[in-house]
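Undergrad: Can you build the whole structure from these sequences, using the hints too?
Just so we're aligned, residue 10 is where the first sequence starts under our numbering, counting upward by one.
Don't take every hint at face value.
[Said to hold, decoys possible] Each computed EDC-like pair below joins lysine to aspartate or glutamate, with the alpha-carbon atoms no more than 16 Å apart:
#1 735 - 722
#2 686 - 615
#3 91 - 157
#4 91 - 160
#5 712 - 722
#6 498 - 657
#7 589 - 615
#8 703 - 747
#9 468 - 502
#10 91 - 162
#11 736 - 722
#12 421 - 341
#13 516 - 492
#14 498 - 662
#15 686 - 722
#16 111 - 125
By construction, these hints were calculated from the structure, which means they are not laboratory data.
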Amino acid sequence: MVDISVDTLTEAQAQEELLALAIVLDQANRAYHGADDPEISDAEYDRLKKRNAQIEARFPHLKRSDSPTDQVGAAPTDGFGKVRHSVRMLSLSNAFEDQDVKEFVAGIQRYLGHSDALAFVAEPKIDGLSLSLRYENGVLVQAATRGDGAEGEDVTANALTIQDIPHQLQGAPDLLEVRGEVYMSHQDFAALNSRQSERGGKTFANPRNAAAGSLRQLDSRITQERPLRFFAYSWGALSEPLGETQMQAIDRFKALGFQVNPLTRACASPQELIEHYRSIEQQRADLGYDIDGVVYKVNDLALQDRLGFRSTTPRWAIAHKFPAETAWTHLEAIDIQVGRTGALSPVARLTPVTVGGVVVSNATLHNEDYIIGRDSNGMPIREGRDLRVGDWVQVYRAGDVIPKIADVDLSKRPDTATPFPFPTQCPECGSDAVREEGDAVRRCTGGLICPAQAIEKLKHFVSRSAFDIEGLGAKQIEMFHADPVLPIKTPADIFSLQTRDAAAIAKLRNRDGWGETSAANLFAAIDQRRSIDLSRLIFSLGIRHVGEVGARDLAGHYQSWEALVEALDLARPAALAHRKADQAEQAERLNALAEHRRARLKPIRDAAIASYDVPADAASAWADLIGVDGIGAVLGLSLSDAFANKTERAAFDELRLALTRIIPPEAPSSESPVSGKTVVFTGTLEKMTRAEAKARAEALGAKVSGSVSKKTDIVVAGPGAGSKEKKAKDLGITVLDEDGWLALISA
DNA sequence: CAGCCTCGAGTTCC
DNA sequence: CTCGAGGCTG
Numbered sequence: 010m011v012d013i014s015v016d017t018l019t020e021a022q023a024q025e026e027l028l029a030l031a032i033v034l035d036q037a038n039r040a041y042h043g044a045d046d047p048e049i050s051d052a053e054y055d056r057l058k059k060r061n062a063q064i065e066a067r068f069p070h071l072k073r074s075d076s077p078t079d080q081v082g083a084a085p086t087d088g089f090g091k092v093r094h095s096v097r098m099l100s101l102s103n104a105f106e107d108q109d110v111k112e113f114v115a116g117i118q119r120y121l122g123h124s125d126a127l128a129f130v131a132e133p134k135i136d137g138l139s140l141s142l143r144y145e146n147g148v149l150v151q152a153a154t155r156g157d158g159a160e161g162e163d164v165t166a167n168a169l170t171i172q173d174i175p176h177q178l179q180g181a182p183d184l185l186e187v188r189g190e191v192y193m194s195h196q197d198f199a200a201l202n203s204r205q206s207e208r209g210g211k212t213f214a215n216p217r218n219a220a221a222g223s224l225r226q227l228d229s230r231i232t233q234e235r236p237l238r239f240f241a242y243s244w245g246a247l248s249e250p251l252g253e254t255q256m257q258a259i260d261r262f263k264a265l266g267f268q269v270n271p272l273t274r275a276c277a278s279p280q281e282l283i284e285h286y287r288s289i290e291q292q293r294a295d296l297g298y299d300i301d302g303v304v305y306k307v308n309d310l311a312l313q314d315r316l317g318f319r320s321t322t323p324r325w326a327i328a329h330k331f332p333a334e335t336a337w338t339h340l341e342a343i344d345i346q347v348g349r350t351g352a353l354s355p356v357a358r359l360t361p362v363t364v365g366g367v368v369v370s371n372a373t374l375h376n377e378d379y380i381i382g383r384d385s386n387g388m389p390i391r392e393g394r395d396l397r398v399g400d401w402v403q404v405y406r407a408g409d410v411i412p413k414i415a416d417v418d419l420s421k422r423p424d425t426a427t428p429f430p431f432p433t434q435c436p437e438c439g440s441d442a443v444r445e446e447g448d449a450v451r452r453c454t455g456g457l458i459c460p461a462q463a464i465e466k467l468k469h470f471v472s473r474s475a476f477d478i479e480g481l482g483a484k485q486i487e488m489f490h491a492d493p494v495l496p497i498k499t500p501a502d503i504f505s506l507q508t509r510d511a512a513a514i515a516k517l518r519n520r521d522g523w524g525e526t527s528a529a530n531l532f533a534a535i536d537q538r539r540s541i542d543l544s545r546l547i548f549s550l551g552i553r554h555v556g557e558v559g560a561r562d563l564a565g566h567y568q569s570w571e572a573l574v575e576a577l578d579l580a581r582p583a584a585l586a587h588r589k590a591d592q593a594e595q596a597e598r599l600n601a602l603a604e605h606r607r608a609r610l611k612p613i614r615d616a617a618i619a620s621y622d623v624p625a626d627a628a629s630a631w632a633d634l635i636g637v638d639g640i641g642a643v644l645g646l647s648l649s650d651a652f653a654n655k656t657e658r659a660a661f662d663e664l665r666l667a668l669t670r671i672i673p674p675e676a677p678s679s680e681s682p683v684s685g686k687t688v689v690f691t692g693t694l695e696k697m698t699r700a701e702a703k704a705r706a707e708a709l710g711a712k713v714s715g716s717v718s719k720k721t722d723i724v725v726a727g728p729g730a731g732s733k734e735k736k737a738k739d740l741g742i743t744v745l746d747e748d749g750w751l752a753l754i755s756a
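TA: The following block contains the structure:
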């Protein structure tokens with residue numbers, strides 16, 4: 010059925026539809042609870058419920074007393090719907106020392122190009138879960154968890170049960186996304202746990218887990234019984250500004266009926282920020298809820314706007330964290346894990362101990378020499394090489410998540426303890442494990458011969474950002490890899506699973522937990538992925554140094570699998586020459602005395618390249634490859650090696666044949682006049698700093714480059730511009746002054 | 001050529 | 001979430 014757009018509904022139509030929706034949704038609820046077959050699918054149910062909310066948002070006065078929106082005891086669902094955040098929910102960068110705070114402030118001044126005093130807002134960082142609440146015309150229509158920042162889960166039904174969250178707002182902007190933290194107080198947490206244990210239910214390790222567990226209940230009637238609370242502190246999409254400063258926005262939240270944290274303060278200097286931090290630290294135990302630090306934000310919203318964002322964090326805010334909780338325990342053993350790239354990672358096996366409310370039994374030891382000093386959490390680190398089995402060690406959870414070893418008590422070291430012999434052979438396959446000059450990690454050289462590497466690589470292939478095949482996760486991969494009947498050794502094996510041999514399939518279906526349906530589901534999920542984004546395909550290959558972003562850049566540049574393969578084949582001789590030149594240079598570096606060293610290196614490189622006799626088209630294919638933004642020689646060589654390796658190449662080719670469609674990346678949106686254009690800034694910029702100019706241009710889809718070439722579209726020249734401006738004019742490239750540029754991008 | 005930023009790879013527990 | 005390292009900027 011095709012709905013009329015909510016915007017064009019007449020009042021009479023709206024009234025009629027709200028009645029119909031109330032009836033249909035009520036029936037669906039009853040059917041669900043009566044354990045009958047639901048008459049409509051979950052997706053359809055969600056869609057209708059959303060439409061109901063949208064109509065109510067447009068005609069608030071028509072909202073029915075039996076409105077489905079208010080039916081908080083909504084039917085439990087199979088899972089949560091996904092919600093794409095219209096404005097990404099970011100995380101914050103962290104400060105651990107006072108020094109980090111001063112650097113944060115200094116960095117902002119540098120970025121803005123002035124040293125004027127800056128005003129900040131400081132508030133406690135609540136240890137809960139962030140939540141985004143979307144209000145349309147004053148009505149709460151959606152609540153979503155943070156998820157990965159871009160996409161979260163729809164927990165609207167649960168959010169509606171939280172007292173601190175208003176269902177309707179008076180005098181709010183037409184569109185308002187309020188963001189804040191859901192948490193549970195110490196008192197409520199203790200009461201919940203004693204209630205749970207009386208009922209024989211499971212108890213929670215800490216208030217945050219309790220809050221998370223409660224918010225993610227599939228049955229919102231359970232959430233309703235859990236005493237969750239909410240502090241508002243931020244926002245996403247808006248139809249109109251909330252004020253000119255962070256503080257005004259917070260006051261606005263308060264006026265709209267949200268709880269805002271009473272310890273929110275304006276601070277005028279780094280010193281004041283740190284004073285407020287100390288004061289909150291003192292009150293920490295008496296607050297009645299968990300906090301894990303203090304958040305500082307630039308108060309002026311116009312400045313926040315200018316400062317903008319790094320890839321995952323705003324430049325205008327930072328979280329000043331309290332020192333992590335620690336605990337002492339015994340180091341029982343050190344195991345070695347082998348990763349997808351062959352990296353040997355030592356892992357500490359510990360006598361289980363509670364750290365910050367969670368029982369920890371493993372901790373990462375990173376690599377061979379986890380050295381003396383302080384790590385970025387400001388925690389002292391014992392000399393890595395000297396950590397011994399039997400030691401008494403201090404554990405903390407970095408970022409309150411990853412367990413690490415902070416210290417070792419040498420006075421308690423048993424006499425029998427000996428230094429840990431770091432293996433030089435892979436514990437999984439016995440191949441040599443070597444450490445490249447200057448590298449921190451030791452790697453197994455076995456390649457795909459090593460079962461650990463082979464399995465990890467396959468796990469990577471099916472991981473969430475890669476092929477993401479439903480029903481084929483890490484566990485299934487381990488099972489199938491060792492399967493005597495239907496082994497999966499390469500990615501292509503996944504796609505031939507169904508057709509390999511009929512008898513084998515029958516055997517699979519008879520296995521534990523594998524019925525007719527689950528097998529059919531798996532095959533359907535696999536078939537669905539025969540059509541795949543080019544960038545996902547490239548990422549899934551698991552080529553060293555080529556991650557999600559690198560894969561996207563490559564896909565954007567080459568546009569097709571065939572073009573990528575052709576370019577890599579063509580560039581191979583140049584890639585080899587490049588490596589040889591690197592090696593020659595390296596050797597020379599070792600020989601040469603400091604004097605005149607530089608002058609002598611270039612000829613050596615050139616000679617090495619010349620000796621390879623690189624065809625011109627190879628050289629240009631290679632230059633094209635490493636000219637891709639973000640792709641340098643290391644990535645180029647890694648790619649080239651992977652595609653030139655016979656075994657790997659055969660696996661890639663076989664995989665390609667199993668796929669039916671490789672989807673080229675979408676062209677970048679051409680909404681702004683500069684999107685897709687390459688821009689060069691030169692000379693002095695007077696209205697913004699260079700970093701700022703670059704960030705803004707990129708936000709509009711432009712690519713910012715440092716040097717002028719044929720590919721350059723626009724040169725922005727300030728006073729004092731020299732050769733670049735001249736070159737641009739020679740090449741006939743558009744040259745703008747700073748005002749011309751600003752006019753262009755604000756158009 | 002140093003310093004910054006971003007990305008990749010590795011990790012824990014629920 | 002953190003560390004190390006690759007790539008780019010100044």
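Undergrad: For every hint, state whether the structure bears it out.
TA: How the hints compare with the structure:
no., hint, in the structure
1, 735 - 722, "holds, 14 Å"
2, 686 - 615, "violated, 34 Å"
3, 91 - 157, "holds, 11 Å"
4, 91 - 160, "holds, 7 Å"
5, 712 - 722, "holds, 10 Å"
6, 498 - 657, "holds, 12 Å"
7, 589 - 615, "holds, 10 Å"
8, 703 - 747, "holds, 13 Å"
9, 468 - 502, "holds, 13 Å"
10, 91 - 162, "holds, 5 Å"
11, 736 - 722, "holds, 13 Å"
12, 421 - 341, "holds, 14 Å"
13, 516 - 492, "holds, 11 Å"
14, 498 - 662, "holds, 15 Å"
15, 686 - 722, "holds, 6 Å"
16, 111 - 125, "holds, 14 Å"
The structure fails to meet hint 2 from the earlier list, while all remaining hints are met.
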